[in-house]
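Can you make the complete structure from the sequences, with help from the hints?
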Amino acid sequence: MRVQKIFFLFLLCITSYSSIAQAELNQTKQKIESAFTEFFKLDRENIHLHLNKNLYLNSDNIWFKGYIIEKKNKKPYTATSNVYITLMDKKGEKLMTKLFYADNSIFEGNIKLDENIKTGIYYLQVYTNYMNNFAEDESSVFEIKIINTEENTILPDTDIVNLETANIEFFPESNVFLEGTSNTIGVKITDCNGNGIIVKEGEIKDSKGITITNFSTNEFGYGKFDIPQTKNELYKAVYTINSVKKEKALPLPSQNGITFSVNNYTFENKATLKVKTNANSLNNYKNELLTLVIQQNSNTAFVDFTFKENTPEQLIVLPDEVFSEGINTIYLTNKELKKIAERVIFKPSKFEKNLDLKIIKKQNDSISISGKTNIPLGSISISVLPADTKSAKKQKSIYNSLITNNELNEETPNGTYFYSNFNKRKHYEFDTYLLSQKSKYNWQSMMIAPPQKKFDFDNGLTFKGTLNKPLSDKKAYKVQLSSIATGLNEFSEINDNNEFYFKNILAVDSTTVHFSLLDKKERREEIKLFAQILNNNRPFIKPFRTSGKDCPVITAQSEKSEYSFPKIANTVHLDTITINSKNKKPQLTNVKRYNNNMSKGFKISEADSNRDLLQFIAANGYDVSIQGVNVIITGRRSTSFLGTKSPAIYIDDAPVMDFSQLLGYSLRNVDEIYINKSGYGGGMDAANGIIRVYTKKGTGGVQKIKINSQSFVVKNGFQKLNPFKNPKYTSYTNEGFINFGTIHWEPYVETDENGMFKFSIPNYYQKSVKVIIEGIATDGQLISETKIIEIP
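Under mature numbering (1 follows the signal peptide of the UniProt record, and there is no 0), the letters of the sequence shown match residues -23 to -1, 1 to 769, in that order.
No lab work stands behind these hints: they were computed from the structure.
Check each hint, because a few of them may be wrong.
30 Å max Cα-Cα, derived DSSO-like pairs, lysine-lysine [to be verified]:
#, residue 1, residue 2
1, K338, K744
2, K371, K122
3, K519, K315
4, K622, K673
5, K338, K52
6, K577, K654
7, K577, K622
8, K247, K315
Next comes the structure, spelled out in structure tokens:
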């Protein structure tokens, strides 16, 4: 939804301007508005990952839930389905990329770490193929740390401030440092890793060494100062860090131009904006209509003004309604669409911190908890960790991802601090930080270079196949795509090039699908083809931006000794089995094929020959029903990705796609049958078990089934949705578990119309736990809170 608000503030009598000048100005504003509309015409997805923690051991799974919004309306974006997550090392080298399926603006999953992964800093980059249409990087990046418990390497603590690498930067407000007027200058002092450095008594001195003002920086390294009546001379900052005096020169001020300062944190419901020029520039801008453009994505507001004779400053008061919630950019422009100055500001959103958690039931093995949030009918995710965990420091919140980072050219440091108990003081601190920031979007690009749609909006996977068989009448045939494991059963026509396509397919990684050629009477014919998936390996074409710095390693004194890690109990024990029977059983000849050693094997004897195969299957744990000529075989529990209950059945290792082919199939033809009810080793096709039938060689009787289908193993498909499973630790009270253990992860919890919800966690007999909750409501309202709850 695009909201247009145009406010005309004429600070000089309008009658002093010609109608031509006013018409030109109106035309300029129309061009600007049209340019913003065109630039943001394509939907832009923004994605946040709620990670269960951000420091992992090499034996861990990374558990997460993804939230997707559309940038312009800031509401859940239901159109997205194909989401990629890439794991990269500190240098930006890709280690793995996984594809996840998003449904109704959310997705969830896990990434199993390679146990040989090295200790260090890593990144998860989340993107879609559609994001490649934009010059700006719309992907989201999340830093994580990984410790390989088998290495002697100590993880560098990048949160420790390295005073030896301190660096100072200056940021004139509105990006213009102008002589002959007062200027507000933002200052940033950080170390090599971006940690803020506190300076309490910094000085700004002129070229004569006279102190003209003082400054200080907060814990994030940000501060600001004013230089009244700036002269055309070199100023410098003098400050002390760790008892060492340091100096840094400011840039030289410009002789011509316009600057402005803005304050929207002091007064309720309004902002004051002071536009300033100098005597050198006043003659150039006098009697010229100028425009302040207030912009957030396609939302725009305009404020017209001019400088009065001999008055180089103008004070403008703007109502709060001209700003959109979140990050806004104010541009100062002329009628030629030239940007003169710019500044980003923040209009607070609603951050109601009223999460309430209560323990409602405690049992030996579990604890039930009820909660109340400020988001009715919302979707939330919950991570539960030991109260004193070291595994969840400085996590990027959903506020960072979906309110600020998606609009700025740099990521916000410690956004959790700014959004927690937001007030005027924090608004002032956040505004001071914003002096150093710019919009993600370049003015010139927005005016003349709207994005062009060159990359598809993927929705599911696309299969393409080519038949290696001439067909006299292609319209008389169709190709079937099927999978027992996922309940897939789709049909496609064959084009003039002997090709067929299946689009929008939800195909799970490692699933085996089957292609069959059907004639008009749906009889299967022999098929030979080449098949591929077209859109399961979409790269993100923009280079990954790392800091590019090789920072010195600083290790805390307390971390010089060995870490204590949680120990995982052995859950599989193989017992020795002694067989005393003297009767020699018939030897199974196919036991080493296809993981058959994990199955229960049956040697079909002469006594079994009076039964058929369906009767045998029914007698060994499956339900078999015959409806006309249709045969339905189901297991007695549903465990697969899409809920199908059918097992995978093979005859001589060829898949049986149509169970009706088994009607009347006598066991006289069968030598061995292997039944694996767990499906272990069979991938997604075997989610409800595997039945492998091996026929006798050279036997007569009922004709052997001819399988007219071609199998295809899906590679780089959608990741299987796995239920969260916590490791079985040997201790839940030792230092290792307290520091690095996981108590629970609940990715999908819904709130009711009153914001109420319930969940349960395992009872590990902790005295207190840390609960991290994030989520989004249907109207786009966000929540991100961390609570410590005491357990009685």
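Outcome of the hint check:
1. Distance restraint check for K338 and K744: the Cα-Cα separation of roughly 15 Å lies within the 30 Å cut-off, and the hinted pair is therefore satisfied.
2. Using a Cα cut-off of 30 Å, the hinted pair K371 and K122 holds, with the two alpha carbons roughly 12 Å apart.
3. For the hint linking K519 to K315, the alpha-carbon distance of about 28 Å falls within 30 Å, and the restraint holds.
4. Distance check on the hinted pair: K622 and K673 sit about 29 Å apart at the alpha-carbon level, within 30 Å; holds.
5. Taking the CA atoms of K338 and K52, the gap is about 35 Å. The hint is violated against a cut of 30 Å.
6. Simply put, K577 and K654 have alpha-carbon atoms about 9 Å apart, close enough for the 30 Å limit, and the pair holds.
7. For the given pair, K577 sits about 19 Å from K622 by alpha-carbon distance, which is consistent with the 30 Å threshold.
8. For the hint pairing K247 with K315, the CA-to-CA distance comes to about 27 Å; that is within 30 Å, so the pair holds.
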